[in-house]
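Residue numbers (the working numbering), protein chains in the order written: chain A, 719 to 1102; chain B, 719 to 1102.
Derived by calculation from the structure, the hints in this document are not laboratory data.
Any given hint could be a false lead.
Note that the list lumps identical chains together, so a pair holds whenever it fits in one copy or between two copies.
[Claimed, not checked] Lysine to any residue pairs mimicking SDA-like chemistry, simulated, CA-CA at most 20 Å apart:
| hint | residue 1 | residue 2 |
| --- | --- | --- |
| 1 | Lys761 | Gly1034 |
| 2 | Lys1006 | Arg950 |
| 3 | Lys996 | Arg950 |
| 4 | Lys721 | Gln792 |
| 5 | Lys851 | Phe944 |
| 6 | Lys721 | Glu1097 |
| 7 | Lys1006 | Pro1022 |
| 8 | Lys996 | Glu879 |
There are 2 protein chains.
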Amino acid sequence: MKKILLLGASGSIGTQCMDVVSHHRNDFTIIGLSIGYNIAKLKECLALFPEVQRVCVAQEKDCLALRTQYPSIQFSYGEDGLSELCAWSEYDLLVNAVVGFRGLRPTLTAITHDKDVALANKESLVVGGSLIKQALREHQSTLYPIDSEHSAIFQCLRGNEAHAVDRLIITASGGSFRDRTREELAQVSVQDALHHPNWQMGARITIDSATMMNKGFEVIEAHYLFDVPFDRIETLLHRESLIHSMVQFQDDAILAQMGTPDMRLPIQYALYYPERHKIYGSEPLDFKHLSALHFQAMDFDRYPLLRLAYEVGERGGNGGAILNSADEQAVAHFLKGHISFLEIEQVIFEAIAKLPFIAHPSLTDLLDSDAAARHFVDEYVERI
Amino acid sequence: MKKILLLGASGSIGTQCMDVVSHHRNDFTIIGLSIGYNIAKLKECLALFPEVQRVCVAQEKDCLALRTQYPSIQFSYGEDGLSELCAWSEYDLLVNAVVGFRGLRPTLTAITHDKDVALANKESLVVGGSLIKQALREHQSTLYPIDSEHSAIFQCLRGNEAHAVDRLIITASGGSFRDRTREELAQVSVQDALHHPNWQMGARITIDSATMMNKGFEVIEAHYLFDVPFDRIETLLHRESLIHSMVQFQDDAILAQMGTPDMRLPIQYALYYPERHKIYGSEPLDFKHLSALHFQAMDFDRYPLLRLAYEVGERGGNGGAILNSADEQAVAHFLKGHISFLEIEQVIFEAIAKLPFIAHPSLTDLLDSDAAARHFVDEYVERI
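Using the sequences and the hints, build the whole thing.
Okay, structure coming up:
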C-alpha cells in the first residue's frame, strides 16, 4: 500500500490522480492533500478519501473553519503549510500537481526528506532545475514525470543505459495557430488563441502551446529529468499528438511511445512504477481507424520563444525563473486584452535581455527573479 | 570478447553480420562459420577473419580441397557437419543465418549445448517452435531475434514485465501487390511479384511478402519468441515500413520501434545485447523529411495465407512444417512459371487440409512432414 500526499487536488491532474487511486484502493491511499480555494471540492475529496489525515489550504480563514468541521484532520494553510506538509514523515510519494512557481518549494522539501516525487508542476524544473538536481544528488529520492511527453521519454528509456541515448525527440501539436503565418498572428483574438486543436486545457497552457513556450519549458524539464544536453533534445511538429515523444539511441533505433491522449496513463505509470496495470475505462489507440501520423520540422522562426527557451536553458542560472514568470504575466495581460498575441513574445524577450543574470541562484534569488520579471512585464505593458 | 559461430555467412544476413563484427573487432571475433557452395566468398571471409578455426561447407569435395589449402582450419561438410559445429564448446553465440528448414537442427544443437542463439533462420521457430521452447526450458540458453519485426518487439519489451504486455502489433508493408485487388492478382507475372515496394530481397521472401505468408511466419515466430497467444498478436498494414513493430501494454501505452530499414541494427542489437552502440555508416530516420506514416487495417480476405498461418500456429503440431515446406515448394513452382500467383495459396491450403496432422511431432516427424508437403505440392502442380 503506497501512501500518497497529493498537492493541487482540485486541478485537472489532481482530479485524475484521485480517479486513478479510487480504482486501485488496494494499492494506494491518499493520506494528505492540498487544495487552494475550492473548499467545496475539498469536502468532496474528504468524503471520497476518509483516510486523509492532513490537509493544507490557501487561506487561514478556511483553515480555521475546517478545523472545527473535521476535528480528526490536521489542517494548515499557505506556502509554509504546504512545505510543512511535505516534510511529514508518513507518506511514500508526493504527487505535486500544484500550478505555478509555488510548486518548487514542496518538491525541494520532499526530496530533502528522501521522498519520491511524481511531478506535474512544471515550474519545479523550469525555475529550480539546478537546485532540484543538487538535492537529488544528496538524497534518496526518485523523480517521476507526470506529463505525457516526459512520461513517454521515461517509458522509452526504460531498461536502457543512459549512455545509449543519442537524442530525445519531443513532439508538439503546434497549438491553436499552427496553420497561420506570423503575419496572421498580429491580428488573432484571445478567443482564437484559447481554441486548441487537440484538447481542452487551462487558459495559460493553451496560450503557451500556441506560442510554443510550453514546449520550451518541456525541453528545459527534459534536460533536468534525463540529463541530456540541450543540443540533443529535438522538437518535432506532430499534428495528431498520438506519439507523445521519442528517444533515439546510439544505434539509430528510435523508440516512440504512443496512445490516445489520457493523462491518467502518465499519472498511473508514475504511481505504479515499475508496474503497468489496466486503466479503468481507457480507450486504446485503434490503428484500424487511424490512417496516418504526420510530422513537420520545427520552425524556430515561427516559434521564437522555443528558440529562446533553448538559449535560456543552456545558460542556466535564474533564466528559467525569469522566463517562466515573464511568460505567466504576459499571458495574463494578453488574456485581459492588454497586449496583443505577438507582444507576449516581445515582452518575454525584453525581460530576458534586461533583467540581471545570476549564474548560481539560491531559492531566494529565484523568488526575487520571479518577482522582478512580473514587475518588469507589468511596467512594459503600462508603457505600450 | 564474444566468440561468434556464424552459419550462412554468404547470405545477406551473414554478410551484414561480418560487416558489424569487422567494425567492432575489440568486442567480437568470428571463430567458426558455415557457407554452402560459394567457396570464393568463403575464401574472402577467411582473409577477413583469420581467427576462424572451423568451417562447414555443403559438399564433401569442397571440404577435401579446402583441407589442403587451409591446413590450420578444421573443415566439415553437410548437415551433420553443421550440427557437429554447433556442438563445439568454444563459441559464445551462434548466429544462425542459414536459409530454410536445415537451420532448425543447428539451433536445437546450440540450445542443448547451452549456447546463446541469434536467430535469423525463420524455419527454426515456424517449423520447430515447440521443440525449441522445450529445449530452452531445459537449458541455459537465450534466443535473440534477428529480423526487424521481432527485434523491434524485443526492444519495446525491454525492461517491461511479461505480464504487462497486452498485445504485439506486427507491421507489414503489404508487399508488391498491396495496391491490387484479388481479381487483379489472377493475372500478375513473376516479374511483377519480384518488385517489392520498399526494398530488394531474395525471390522467395519477396513472393512471401506479396502473399503475406511471410507475415504469417512472423506471427508464429513471435508467438514462440515472446510467449504471447495468437489472439494477442495483431498485424497492421504500414506502407512505409519505418515502424518495425509495436507492443501495446496493459495500460494501453504503445511502444513502437522505428528507424531507417537497416538489418545491421537487429544484428548488432542481438550481438551486443544489452548494450547499444553506433552502427558504422547508418542513416538515422530524419523526421524533418518524413511527412507521414500511414496505417491500414489488415485485410484477411485479401491475404488468406495470413489467416491460415494464425490457424496453423494456433493448432501447433506439424502444421508449421507443412505450411513452410508447401509454401517454399509452391513459390519455387510459381517462379518457374508452373503455377499462377493465386495457385500458390490454393496448393498451400490443400496441403494443410490433406496432409496428416501430428500433435506432438519429433524432429523426425517434422522432417517427414516437410518431405511429404514438398511431394504433395509437386503432385498437385503436375495435376493442374
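The hints, checked one at a time:
no.: 1; hint: Lys761 x Gly1034; verdict: neither (41 Å within a copy, 58 Å between copies)
no.: 2; hint: Lys1006 x Arg950; verdict: between (34 Å within a copy, 15 Å between copies)
no.: 3; hint: Lys996 x Arg950; verdict: between (33 Å within a copy, 16 Å between copies)
no.: 4; hint: Lys721 x Gln792; verdict: within (17 Å within a copy, 65 Å between copies)
no.: 5; hint: Lys851 x Phe944; verdict: within (11 Å within a copy, 38 Å between copies)
no.: 6; hint: Lys721 x Glu1097; verdict: neither (46 Å within a copy, 71 Å between copies)
no.: 7; hint: Lys1006 x Pro1022; verdict: between (37 Å within a copy, 18 Å between copies)
no.: 8; hint: Lys996 x Glu879; verdict: between (27 Å within a copy, 14 Å between copies)
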